[in-house]
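Chemist: Chain order of the listed sequences is S and W. For the first sequence, our numbering gives the first residue as 1, with consecutive numbering after it. For the second sequence, our numbering gives the first residue as 1001, with consecutive numbering after it.
These are computed hints drawn from the structure, not numbers from a lab. Please read these numbers as outputs of a predicted model, since none were measured by experiment. Glycine included, every Cβ here is placed at the ideal spot set by N, Cα and C.
Ranges of calculated distance between the beta carbons of each label pair, as one might list FRET restraints:
id, chain 1, residue 1, chain 2, residue 2, range
1, W, Gly-1120, S, Pro-16, 15 to 25 Å
2, S, Phe-13, W, Arg-1118, 13 to 23 Å
3, W, Phe-1154, S, Gly-36, 48 to 58 Å
4, W, Glu-1123, S, Tyr-44, 14 to 24 Å
5, W, Asn-1051, S, Glu-144, 31 to 41 Å
6, W, Arg-1138, S, Asp-32, 35 to 45 Å
In silico SDA-like pairs for lysine to any residue, Cα to Cα no more than 20 Å straight-line:
id, chain 1, residue 1, chain 2, residue 2
7, S, Lys-106, W, Leu-1145
8, S, Lys-106, W, Arg-1218
9, S, Lys-138, W, Leu-1217
10, S, Lys-189, S, Asp-177
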Amino acid sequence: MTLIRLTGVTKTFPPPAKDAAPVVAVDDISLDVAAGEVCGIIGYSGAGKSTVLRLVNALETATAGTVEIDGRDITHLRERELRELRGDIGMIFQQFNLFDSRTVAKNVAYPLEVARRPRAEIAARVDELLRFVGLADKARSYPEQLSGGQKQRVGIARALATSPRILLADEATSALDPDTTQEVLALLKRINEELGVTILVITHEMDVIRTLADRVVVMENGRIIESGEVFDVLSAPQHAATKRFVASIIEDVPVGDQLRTLHDRHPGRIVTFTIREGDVTQADVFAALSTHGARFELVHGGINDIGGRVFGHLTLALSGDAEAVQSAIDAASSFAPLIEEDTRG
Amino acid sequence: MDRLVDLLPQLWAATAETLYVASLSLVFGGLAGLFVGLALYATRPGSLFPNRFLFGTINVVVNFFRPIPFVILLVSVQPLARALGLPGIGVPFAIFAITLASLFAISRIVEQNLLTVRPGVIEAARATGASRTRILFRLLPREALGPLILGYTFIVVALVDMTAVAGAVAAGGLGEFAIVYGFKQFNPAVTWAAVLVIIVIVQVVQFTGNALARRVLRR
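Next up, chain W with everything else stripped away, as it sits in the complex (with noise of 0.2 Å):
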């Protein structure tokens, strides 16, 4: 227990990385993703740009990426990083993974939170004259607003979880402090420490989505 309130400042200070790569991870594959679930959305047969080849293209790749286990994506998408101009380790080299990974997840998460949205309501937008890229980007987002709080609530649960992982590629994180003050040196109450913090930082994101989600959802 002494030993833990010697590692205080060094939890501190990985609960920090852990919070900065997965806040930036949410900025850059939040986005990503909107823009790769709208595209899924839109090109679908019968939505408002159907295109077979576009949606087949987009729906393989994401099938292709998805199911990989996080812990060998990272490892695997370490020379396209460096083809890329990024560095092959440390936090930049986790955010651009964990990008990429949540992309893909994110991406499904807006498609399917767009399609509970009434066919009969698109409709209606476009009886009004509205035009189907107003419909796409301004209506439809708003009308799924509240099931994608909630989708972008389960997500930032995983990214957590993926930058647990980062410790791998010496981002830091509480996944390495973990590891390396806990784990290796037969200390549970420095693992437990860690995990406890996480446990937190899930249930306060956890919460906000929620009472975000029912606010918009008035119920």
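Chain S on its own, in the form it takes in the complex (with noise of 0.2 Å):
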């Protein structure tokens, strides 16, 4: 069942100054989301990712398009409607955004007070909340008082309080550590499975989308550009963009400095061969290599683990016979996609 979809949309903002063109933040965008999924959209700053999570809740409004979520179209609702709807979604920030004026426990109350709950019910529920994030003992802490996983997890409790079905979060972990990280997604992974809530995720982290994600949408300059399983679009990036974007989060593949280096160390050829399970076995690379009589090391490499699955690049360094070589890098590279680059020149 399809919870959020996008038909079209664009968003366009004024021009920042007279006599400049207007920004067109979202370009013409379709997009699906099912109920109980996770969906993550990565992309590089400024390609329209948060512009989109804003059109959900509608804290923006598309200029063309239809936004509808659970079969209603809400780009055309009003004031009153549209804040009951927020009721229905809840939001999360890279910045955590609490109310430093009131108490965790008052944060999390705020949008049941909002949302004109009786006391006693929005005291159970805050109580439950807190203790869900386990921060039940920090009822009566400040947000200055809490680390920024805390301040994370109050965050969350209060994108909870009204247990809305959709959860939006905008770079939730990009100013956490990487222990802290993994413990908020943690979270978010059991907000999703025991809660059953559809979590929309932008974010710049491999991280976030390896754990989190069931399907990874690619922004750039407001279109999307790639969608698909996660593994199948870190594994096989077809954009050129999602290829950039995919190496800059990953980074197993040598580039720049760190491949001169290689090169200075190593005076035979250095290839990069791209590994994927179901395709391409690292078996088989190193086998073909052997086969024809070329010597290789290992340089520089990455296996990622997505949902049990395996993909990551091998960086060898060949020498010996230029033409053994060159018999052995045709073979491998028959089946195992090839990347070459010669800094030398």
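The task is to assemble the complex, starting from two chains supplied on their own in separate frames and drawing on the hints.
Modeler: What follows is the structure in structure tokens.
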């Protein structure tokens, strides 16, 4: 069942200066998110990810196209109806955006106060939520007394207060250290699995996509340039921009200075093969190279595990007879995608 | 010095007048300034109720009145007070003029302090379904309360300063006391007694404001 559906959505902002062109933040996007799914949106900053997220809870209104939540077109709702809708959509932020003047408990209570729930119900619900995110002992603390991870957990509890069916996560772990990121991701995973909340997450972090998302959408210049299963998009990106982006978050292919250093250290040829479960295994690559009598060393690489399936890159330095090396490379590259960049020239 | 002792009843009366004028002006000017400040904040581009025309108008009016030196403003608003049915001299007129003058200063202070609340916090509130008026009137003043208290403290000090000038329109107060009994009668001790009382008032106000702000800000 489709819970969130964007059809031909465009969002244009007024020009930043007189005589400038209007800014097209989102350009004719269509996107379906099924109930219970975790959908990740990735892309460089300025790609329009944040705007897409804000179109879903109508903090931004579409210039063209329709946004449907559970089959209901929200693009022409009145302010009052929008406020009701937002009660069914939680949102968390990179900078947490907690209310500094309120205690942890009062932060979590805020959406319930807005929804005019009875006081006793609010108290019980806040209690339950704080226990769910593991902060029951911090109810009377103020935001400034908490660590980054704790603040985000308060943000999550606040976003879940009205039991929404959708959670929007705007770079929710980008301000956290790696350990805390894992904690928060585990919590989000639980929210998806135990509470069945549909999560739309925008990020530029590999970990978030890998541990959380079922599906990933890649954006560039306001458009969706690629989308699909996380494993497929990350292991075999089709679009040039996706390739660049994936390389920048996975970092298992040497580039620039790193590659130059490798060339300085290894006089022979340096090539990188792509390994992908189901298509190409490491064993096949090594076997193909060996049978053609090339000597090789593994100089760089990385293997990524996504939902139990692996892919990655092996960078090898080959030496010995130039012809043997060439035929070895030809043999291996006949089945394993090859990347070779010569930086010495 | 004996002269000062003789004048003590007058000194206390002048102190009471100053406190009376300053506190009533603070109540009126403080409330009016709060609303004008909220309006300035809310109507500015990109804010909760952006309205170029309203924002521009209020902005120009505030900028028009704010740089006028108080002693000049005081005498120039006399016709306005009379038009509104108020007397043109005395305590009520002083309160009227000080309220007007402080209103514009307070509205700027309120606007600036509300602007210290991060836009993300407002976005988070909107994402919970809170109405824009709820955010403007309930959440924002509370989130900016610490700096607001400090801003109002600053203004109270300015109000005491303005009340000293109110002597010029026969509104009494410590300013008039210092001029009439001190300056004009060549008695610096009397002048300095008035100064001392003003210093004490300002210190007490500043201390209270700081303590309150520290409590609200929890630091």
